[in-house]
Amino acid sequence: MEDWKFLKENIYYCDGSFRDITIRNTTKEDWKLWADVVNKTYKTSFSEGGSDIQTGKIDIYRVYDYWDGKTDTCLDATIFIGNIVVKTYFFTDEEIENDITPKEINTIDDHINLMQYLSTISTALNKRVVLTPENYNPSIEKELIIIDNDKVLFCGL
1 MEDWKFLKEN
11 IYYCDGSFRD
21 ITIRNTTKED
31 WKLWADVVNK
41 TYKTSFSEGG
51 SDIQTGKIDI
61 YRVYDYWDGK
71 TDTCLDATIF
81 IGNIVVKTYF
91 FTDEEIENDI
101 TPKEINTIDD
111 HINLMQYLST
121 ISTALNKRVV
131 LTPENYNPSI
141 EKELIIIDND
151 KVLFCGL
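Sequential numbering of the sequence shown, starting at 1, is according to full-length UniProt numbering.
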């Protein structure tokens, strides 16, 4: 299933939209585990309030403060996976959402690197990780890829 032309046309097509990576039904403990794995495995940056001041690691305790209403400063993180920039915004503790732009996935190696990230996260959290079109609506769209630990399923293609 890892034919590059097929993947580019059906998963990483460039139509101006992002792809969402979601992990549903998460807890603060899941987020902590996610941050620990990401901080340990990948180059990251963490920013508060869109500031130019960034730290090299995701500070999950600052995120907890944001969720608990102790600060209203918006937070975001960037994960660098080879040529791919993965953005994370901390909207809620109930779902981990990452965004990628398909413009950065230009080779089978980029795809493999992304699948390794998704599998690493799925295995660490023991939860399904799903790649969908941006703002996915299940009544009119299909999930693109589901990762369940080390199993990768290409959906609806």
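These aren't lab readings, by the way, just hints derived from the structure by calculation.
Treat the hints with care, as some may be off.
Derived pair list, reagent style DSS-like, types lysine-lysine, alpha-carbon separation capped at 30 Å [said to hold, decoys possible]:
{"no.": "1", "residue 1": "LYS70", "residue 2": "LYS28"}
{"no.": "2", "residue 1": "LYS8", "residue 2": "LYS28"}
{"no.": "3", "residue 1": "LYS70", "residue 2": "LYS127"}
{"no.": "4", "residue 1": "LYS151", "residue 2": "LYS70"}
(message) Given the hinted pair LYS70 and LYS28, is their Cα-Cα distance within 30 Å?
(response) Judged against 30 Å, a Cα distance of about 16 Å means the pair holds.
(request) Below or equal to 30 Å on CA atoms is what counts here, so check LYS8 against LYS28. (result) Since the Cα atoms of LYS8 and LYS28 sit roughly 34 Å apart, the hinted pair is violated (cutoff 30 Å).
(request) With a cut-off of 30 Å on the C-alpha distance, tell me whether LYS151 and LYS70 pass. (result) violated, 39 Å
(request) Take the C-alpha atoms of LYS70 and LYS127, compute the straight-line distance between them, and say whether it is at most 30 Å. (result) With Cα atoms ~29 Å apart, LYS70 and LYS127 stay inside 30 Å; holds.
In this structure, the hints that do not hold are numbers 2 and 4, in rising order.
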